[in-house]
Each structure stands twice: as C-alpha cells, then as structure tokens.
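Asker: Read off the chains here:
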Amino acid sequence: MAQSQLAEQENGMRIQSIEALDALRQDILAHQDPKRPILIVCHGTGCLANGSPKVSDALRKAIAKAGFQAKVMPGIKTTGCHGFCSRGPLVIIKPAGLFYQQVKAGDAEEIVNTTLIKGDPVERLLYRDPNTKEPIPLEKEIPFYKHQQRVILRNIGKVDPTDIHDTIAAGGYQALAKTLTTFSPEEVISVVEKSGLRGRGGAGFPTGRKWRSAVAAKQKRGGPVYLVCNGDEGDPGAFMDRTIMEGDPHAVLEGMIIGAYALGCNQGFIYVRAEYPIAIKHLIIAMDQARAMGLLGQNILGTGFNFDIQINRGAGAFVCGESTALFTSIEGRAGEPRPKYVRSVEEGLWGKPTVLNNVETWANVPIIIEKGADWYNQIGVPNSTGTKVFSLVGKVNNVGLVEVPMGIPLGKIVEKIGGGVPGGEPFKAVQTGGPSGGCIPYALKEVAVDFDSLTKAGSMMGSGGMIVMDRRDCVVDVARYFLKFLEEESCGKCLPCRLGITRMREMLDTFSQGRGNKQDLDDLMGLAEAIQDGSLCALGGSAPNPVLTTVKYFKDEYLVHIEQQRCPAGVCKDLITYHIDSEKCTGCMVCARNCPQKCISGERKNPHQIEAETCIRCGICMDSCKFEAVQVS
Amino acid sequence: MLKFKINDQEVEALPEWTVLEAAREKGIHIPTLCYHEAVGPSGACRLCVVEVVEGNWSKVVISCMYPVKEGITVFTDSARVKNVRRWILEMLLAECPASKEIQTLAAEYGIKNSRFSIKNPEEQCMLCGLCVRVCREVVGVSAITTVGRGVHKVIGTPFRKPSEACVACGSCVTVCPTGAMQTRLDAVRGPVDAHKS
Ligand SMILES: Cc1cc2nc3c(=O)[nH]c(=O)nc-3n(C[C@H](O)[C@H](O)[C@H](O)COP(=O)(O)O)c2cc1C
Ligand code: SF4
Ligand code: SF4
Ligand code: FES
Ligand code: FES
Chain A
1 MAQSQLAEQE NGMRIQSIEA LDALRQDILA HQDPKRPILI VCHGTGCLAN GSPKVSDALR
61 KAIAKAGFQA KVMPGIKTTG CHGFCSRGPL VIIKPAGLFY QQVKAGDAEE IVNTTLIKGD
121 PVERLLYRDP NTKEPIPLEK EIPFYKHQQR VILRNIGKVD PTDIHDTIAA GGYQALAKTL
181 TTFSPEEVIS VVEKSGLRGR GGAGFPTGRK WRSAVAAKQK RGGPVYLVCN GDEGDPGAFM
241 DRTIMEGDPH AVLEGMIIGA YALGCNQGFI YVRAEYPIAI KHLIIAMDQA RAMGLLGQNI
301 LGTGFNFDIQ INRGAGAFVC GESTALFTSI EGRAGEPRPK YVRSVEEGLW GKPTVLNNVE
361 TWANVPIIIE KGADWYNQIG VPNSTGTKVF SLVGKVNNVG LVEVPMGIPL GKIVEKIGGG
421 VPGGEPFKAV QTGGPSGGCI PYALKEVAVD FDSLTKAGSM MGSGGMIVMD RRDCVVDVAR
481 YFLKFLEEES CGKCLPCRLG ITRMREMLDT FSQGRGNKQD LDDLMGLAEA IQDGSLCALG
541 GSAPNPVLTT VKYFKDEYLV HIEQQRCPAG VCKDLITYHI DSEKCTGCMV CARNCPQKCI
601 SGERKNPHQI EAETCIRCGI CMDSCKFEAV QVS
Chain B
1 MLKFKINDQE VEALPEWTVL EAAREKGIHI PTLCYHEAVG PSGACRLCVV EVVEGNWSKV
61 VISCMYPVKE GITVFTDSAR VKNVRRWILE MLLAECPASK EIQTLAAEYG IKNSRFSIKN
121 PEEQCMLCGL CVRVCREVVG VSAITTVGRG VHKVIGTPFR KPSEACVACG SCVTVCPTGA
181 MQTRLDAVRG PVDAHKS
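Chains A and B, in that order, give the protein sequences. The first sequence: position 66 = 66 (my numbering), numbered continuously. The second sequence: position 98 = 98 (my numbering), numbered continuously.
Dumping the calculated EDC-like pairs for lysine to aspartate or glutamate here, alpha-carbon to alpha-carbon at most 16 Å:
#1 Lys82/B to Asp523/A
#2 Lys119/B to Glu506/A
#3 Lys82/B to Asp533/A
#4 Lys59/B to Glu529/A
#5 Lys82/B to Glu529/A
#6 Lys416/A to Glu141/A
#7 Lys3/B to Glu21/B
#8 Lys59/B to Asp533/A
#9 Lys416/A to Glu446/A
#10 Lys153/B to Glu488/A
Covered by chain A, per the in silico footprint, the following chain B stretches (three or more residues, Cβ under 8 Å):
#11 78 to 84
#12 104 to 118
Calculated from the structure, these hints are not laboratory results. Ideal placement from N, C-alpha and C gives every residue a C-beta, glycine not left out.
Work the whole structure out from these sequences, hints included.
Answerer: Here's what the structure looks like:
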C-alpha cells in the first residue's frame with residue numbers, strides 16, 4: 001500500500017477533535033437498539049478457566065440455528081470478570097439483567113429456546129440464596145452485588161474490553177476530552193487533590209500531592225518526568241488489578257493520559273507481571289486501538305499533546321512491586337530496592353522525577369475528572385474518599401471481587417456481600433492487606449474499612465486482599481503461612497529481612513510443635529520490632545505485621561499452644577489427636593474408607609475408633625464425616 | 001555547614017555528608033559492616049542504624065546513607081537502635097559462626113550466644129556485598145557477583161564458573177569484614193565452582 005494511502009487510512013480512523021469524539025459516541029449509541037437481547041458471557045480469567053469460551057461458542061451456534069430474523073438477532077458479548085468467579089461461567093442476559101451461573105455449553109440451546117424465544121428463565125441456572133434456597137433471577141438483586149457500589153468496576157462485565165467502540169459508547173475518554181478542553185494541567189492536579197484520592201497500591205499516599213511534588217521536582221531539575229502504572233500485583237489471592245487491566249484497560253490508559261497531561265509527561269510505562277497474559281494482551285489491544293483513533297501517541301485528539309505508553313513485563317518477584325525495585329527492573333537490572341531517602345518523585349526511573357501509581361489509582365482518575373471532586377468526596381469517609389476494590393476469599397460463602405465505599409464496616413463486607421461463613425457461624429478473623437497486613441478479629445467487625453482505621457487496628461488497607469477465617473483456622477498457622485511466603489520473596493539484600501523472616505518463622509514452628517515458652521513469645525516481639533525498624537524496604541518493614549496482630553488479638557491462642565501444647569483450631573499437626581464420638585458415630589464407614597492410613601476400625605452401624613499411633617492427622621476423616629462425630633482434641 | 005545533634009553533642013557537617021560521616025568526623029562510634037569509604041554505600045547490613053528525631057516524629061534509619069539535615073537529633077544508642085543491633089548480631093552469630101570478626105563485634109555489644117540454629121558451622125560470609133562492590137567499583141573487573149535471590153543468595157562468580165576476569169589483586173579479601181573472602185578467593189580463581197556451600 002502506498003504511504004499516502006496508509007496515512008489516509010490511519011487519518012480516517014483518527015479522531016481529530018473533541019467534537020468528533022462526541023459525534024462518534026452519539027453515532028455508536030444511535031446504532032444500538034436498547035431492547036435487543038444481548039448475552040453477556042464472562043471471559044474473565046476465572047470463567048475462562050471454567051470453560052466459558054465453549055459456552056460462548058455454543059450460544060453463538062444455538063442462536064444461528066434458532067433462525068432469528070436479522071432485525072431481532074440477539075447479540076453475544078464477551079467481557080471481563082464480573083467478580084463472582086466462584087459461580088462461573090456466568091451468562092447475563094440484557095436488557096433484563098437475568099443472571100445465569102455455572103453455565104455449560106450444553107445449556108446453550110435451552111437458554112436460547114426458553115429465555116430468548118419464550119421469555120422464561122431457565123430455573124436450574126438461576127442463583128439461589130444459600131439459606132432460603134429461593135432463586136434470585138436478576139443480577140442486581142443478588143446480595144453479592146446489591147450491597148456493592150461499583151464505580152471503578154462499573155464497566156467491567158458490561159463492555160467488551162477488546163473493542164474500543166464499546167468503551168467509548170459507555171462514556172470512555174469523555175474525561176480526557178473534558179480535561180483537554182477545559183482544564184489546565186494545574187487544574188487537573190487541583191481536582192485530584194480536592195478529591196482526596198489516595199493511592200490504592202498499599203501505602204495510601206495522597207495522589208494529588210504526589211503529582212504536585214513531581215511537577216515541582218521537574219521544574220527544579222529540568223528534563224523529563226516519567227509516569228508509571230504499577231500492575232505487579234503479587235499478593236497471594238489478590239486479583240483486583242488484573243481484573244481492571246483485563247476488563248477495562250481503557251480506564252487505566254485514560255487515567256494515565258490525563259495524568260500525563262497534568263504532569264507534562266510524554267512517556268509512560270505499565271509494569272505488569274508476566275503471569276498476567278490476558279491483562280497484557282488486552283492492554284496491548286487497547287493501546288493499539290487508542291493509538292489508531294488518535295487518543296494515544298502523537299497529537300492526541302488534535303490538541304498537539306503527545307504521550308505514549310510502553311508495557312514492561314515483570315519478572316514475577318513480589319518485591320518488584322516495590323517502587324525502587326520496580327524502577328531498577330524497568331531499567332533492565334535485577335529488581336532490588338534501594339533506600340528511599342531521596343523520594344522517587346524526585347529521583348525515580350533513570351534518576352528522573354517519576355510518578356508511580358497503582359492500576360486502581362489510575363482507574364479512579366477519569367471518573368474524578370468527569371464527575372468532579374465534590375461528587376467523589378460524597379463517596380466514602382473523610383480522609384478515605386471513594387471506593388475500594390477487594391478480593392474476598394477464604395471461609396466465606398461468596399468468594400469474589402467486590403467494590404465498596406470506603407468506611408464500610410468490615411463485618412458488612414463479610415456477612416452481607418460475602419454471605420458469611422459457610423455453616424452460618426461467625427467469622428473468627430479477617431486478614432486485610434495481604435502478607436504485609438494484619439489479622440482483625442470478629443470483635444472488631446464494626447471497624448471501618450478505611451486507610452486510617454485499619455492502620456489503627458494494626459492492619460492496613462494494602463492493595464485489597466481480604467481473607468476470611470473461621471474457627472478451624474489457627475492464628476499461629478496463619479502467621480506462619482505469610483512468613484513462609486515472604487521468606488521466599490525477600491530479595492535478600494538487607495540482613496534483617498533475609499535472616500529475620502526465617503528466624504521468626506522458626507520461632508512460630510516451635511510454638512506449633514508445642515516447644516516454645518513464654519519468654520520466646522516476648523523475644524519474638526523484640527525480633528519483630530527489629531525487623532520493622534531495621535529493614536531496607538517495606539517488604540521487610542511490614543513482614544512482622546501478621547505476627548504482631550495475631551499476637552495482639554489472639555494471645556490466648558498462642559499461650560494455649562505454648563503452655564498446654566494444644567491447638568484449639570485443630571490445625572497444628574503435632575498438637576492434635578483425632579477421636580470419634582461414639583454417641584454421634586452412626587457406623588456409616590465413610591471415614592474408614594477415606595482414611596489413607598487405614599487406621600480407622602469398626603463394624604458397620606457400630607461406633608468406629610481411630611488408632612492414634614498410625615494416624616497422620618490429615619483430617620480427612622473429620623472432613624468426610626456427615627455427623628460431626630470425628631473430633632479433634 | 002549544617003548544625004544538628006548526635007546524642008547530646010552539637011555537630012557540624014557539610015550538606016552532602018551522611019550522618020555516619022558526621023559522626024566519624026566527631027569521633028562518635030557507630031558500628032558498621034557493609035560500609036567502606038572506597039565504595040558506594042548499599043544499606044545491606046543495617047548495623048549502622050540510628051534513631052532520628054525531627055519535630056515530633058522519629059524513625060530508625062541507616063546512618064551510612066541518611067543525609068544530614070539542619071536541626072535533627074540523632075540517637076546512636078536509643079532503645080530501638082539497641083534492639084535492631086542486638087537481633088542483627090544474634091542472627092549473624094548463627095549465620096557466620098566461623099567468623100572471628102563477627103564474634104568479636106557481637107561480644108563488644110554483649111552478645112555471646114545465639115538462640116538460633118546454625119546451618120553451616122564453617123560459614124563466615126554475611127553477604128554484605130563489599131567484595132562485589134570493591135571488585136566492580138574500584139578494581140573495575142566485576143569478577144565476583146551475588147548469585148541467586150533472597151535466602152538462596154550467595155557470593156560467587158558469574159554463571160558460577162571460575163572467573164577469568166579476576167586479577168588476583170586481593171582487594172576483596174582486604175575489605176571483607178568477616179574474613180570470609182580469604183577462603184573464597186581460591187575458588188574465584190581456581191578450578192572449582194565458587195559458591196557458599
Ligand atoms: C514488597 C512490596 C510490594 C508491592 N507491590 C505492589 C504491587 O504489586 N502493586 C502496587 O500497586 N503497589 C505495590 N507496592 C506499593 C508500591 O511501592 C507503591 O507504593 C505504589 O505502587 C504507589 O502507588 P499508589 O500511590 O497509587 O498506591 C508494593 C510495595 C512493597 C513494599
Ligand atoms: S526488606 Fe527484604 S525485600 Fe526489602 S530490600 Fe531488604 S531483603 Fe530486600
Ligand atoms: S565475602 Fe566478605 S565482603 Fe564478600 S559478601 Fe561475604 S562477608 Fe561481605
Ligand atoms: S471470571 Fe467470570 S466472574 Fe470472575
Ligand atoms: S553499614 Fe550502613 S547498612 Fe551496613
């Protein structure tokens with residue numbers, strides 16, 4: 001193709017002005033029939049793994065076979081994660097918003113025939129209340145969604161992330177247009193400052209203030225300023241940032257472009273962990289489409305503003321999410337932190353002023369610009385404005401990704417949205433903030449989930465992991481689990497972290513083997529404090545948190561391990577024995593069949609016994625007994 | 001000249017100095033392991049911690065990298081500082097039990113025994129990285145490096161092969177604060193793999 005033709009073709013797609021963007025949006029909307037049925041099939045990572053591509057294929061075939069007239073032909077749209085992955089694959093039928101869960105390819109014809117043609121729901125695919133067993137047909141009525149406030153996730157599960165037109169129809173890039181037409185860079189910073197937005201990546205630093213310092217550093221030093229998006233997300237069990245990058249990549253890009261305008265920056269970077277291939281793919285598609293349309297790259301929206309973004313794949317080390325390690329990694333060296341006595345807004349990437357913000361932080365920026373700081377301030381609580389996305393996992397009925405206003409009581413997230421602990425008993429504790437966070441007990445279930453309250457409780461917001469525990473979880477074991485994770489993730493540069501985490505873990509090992517004494521517990525506190533004070537970066541600095549909070553709130557449980565050599569939760573293998581309650585045992589023989597050691601004996605319909613010497617305390621008998629006859633002591 | 005306090009003493013320093021440099025100038029002792037005038041600081045051993053009080057907040061920082069500042073007060077022996085030092089030394093005793101230097105240093109701070117289990121009774125190296133930095137920054141050949149990450153990290157040669165780059169100057173042996181490099185230099189040059197066994 002001749003050069004001029006190519007240029008013409010590219011220009012043909014480019015949006016040359018703000019007005020043209022609006023015209024395009026109106027045009028897309030005008031061609032949409034709001035009554036046309038659309039089958040939304042979740043293609044988030046969870047549903048993909050559960051076979052959603054087969055479901056969308058089968059639905060496509062079933063629609064083709066049903067012989068709809070072209071005018072009323074139902075559409076199929078694949079989207080990012082809806083957050084309720086434990087129920088996937090999900091299919092939502094618009095416009096009504098009918099919610100089908102655990103859909104299989106074999107259900108496709110029935111969905112088309114019963115729902116699309118006859119207009120009736122397919123009963124067996126509906127979500128049912130776990131307690132009443134009543135079906136709840138509409139997505140918005142399901143408690144998991146009803147108590148959420150989806151601001152950042154508003155488009156995820158609605159738009160096709162690989163089609164920029166869909167995002168534009170949903171209002172994407174309106175905030176960028178508004179920025180470029182009505183705000184000076186200074187005004188953008190001032191709106192972000194007034195919104196009270198604080199970083200969602202862990203420390204909760206005020207975003208507007210960070211930007212302002214970078215501008216000041218740029219003026220002082222001259223030269224470029226860089227902008228970086230942190231998509232390293234290494235907390236075990238956390239998938240907030242992945243979901244945003246996969247499901248609404250344009251929100252991240254738009255936030256970054258607005259930020260670049262405010263900072264006078266021409267080059268940005270997105271650092272994504274290599275384990276997130278779909279996120280990387282969707283970001284690349286989104287960037288290509290945005291460039292082709294003149295929303296990214298040279299002369300954005302015909303205003304003369306240039307900004308482009310490059311993707312860097314993370315090496316998969318947890319510590320690479322730390323700001324200084326992330327910079328060295330982008331620069332092509334081993335990702336090791338360095339002391340931050342000079343802040344990275346002044347000396348970041350290649351020693352230049354650099355603004356690093358988390359994925360979710362960037363995704364907050366467009367909506368703040370679009371709706372204004374006052375609107376944003378109404379969500380959440382003073383000092384922690386807006387919403388926060390959490391990944392709710394562990395001993396909770398509704399596992400998934402949830403978005404709530406800041407300041408919501410912790411118990412409400414677990415009980416209302418999460419549906420509480422399976423079996424209905426109260427939760428024991430919730431670990432917030434990932435491995436660097438802390439364990440909050442049930443007694444504090446009214447604690448407000450905001451930056452300052454969580455810190456006051458000894459935990460932290462972190463990036464948004466939330467692990468629910470029940471009475472079968474042992475706090476000593478939980479603390480050991482996080483230390484083991486961090487032990488492997490320490491970069492090894494500084495001594496307190498490299499040696500200290502292992503030594504703390506070894507001390508906990510002795511407790512879980514019933515070998516410790518009270519002095520050890522005091523010493524553990526001293527070592528924890530030394531690691532907090534002495535470590536180079538926040539990985540080591542926050543590594544003792546799970547230990548400190550579990551000792552703070554569950555000291556009795558530690559003491560029972562130490563003084564009575566007992567594990568009340570029945571987890572620490574060296575401290576427990578299993579036995580069968582002869583009153584409750586019905587002699588069904590299930591436990592005996594499942595026992596890998598074959599150390600359970602007894603006649604059918606007569607109480608069974610466990611032979612203690614051979615038992616390896618795997619707990620399989622306890623899990624398999626339907627009559628709660630297997631007990632631990 | 002900037003003015004600030006170390007413990008009860010008024011000190012003066014040039015703006016580009018670190019707290020450690022200002023302290024040494026005044027003859028105030030702060031223990032260090034991974035610091036050496038000849039190379040850039042790395043902040044690895046954390047033994048040089050001090051507590052800095054500025055206004056109504058305080059924090060523990062490393063003196064070998066913390067820049068001096070007008071009006072701050074630096075404590076070299078506060079309870080928090082002592083606690084960090086105590087645990088570092090106690091862990092080091094178990095980590096490099098064969099190092100006389102570490103034993104002497106720990107004894108100076110009253111630590112004679114370690115509660116922690118010893119993995120390798122022969123070990124002397126504490127991975128402060130001084131040898132690597134001297135080889136790279138002063139000698140300019142980068143014959144040695146750190147291999148592996150985290151708890152698996154060791155001092156070795158690139159790709160764990162004997163290094164042809166080594167010029168046998170012995171600078172690494174001279175800077176090594178634990179005596180570990182003495183036994184290691186042969187491995188760097190010699191036929192066998194250089195690694196922390
Ligand atoms: C060990 C460690 C890991 C981190 N990992 C991440 C991460 O995966 N994603 C992230 O956004 N921030 C992470 N952070 C926090 C970043 O250092 C930094 O504070 C954050 O990206 C700043 O963005 P924000 O102000 O928007 O939160 C990590 C910090 C530490 C100490
Ligand atoms: S605290 Fe841990 S992760 Fe951070 S620099 Fe030190 S060793 Fe590396
Ligand atoms: S050999 Fe010596 S100088 Fe090199 S890292 Fe080990 S202790 Fe430090
Ligand atoms: S991947 Fe489908 S709901 Fe999360
Ligand atoms: S001497 Fe300062 S950190 Fe080692």
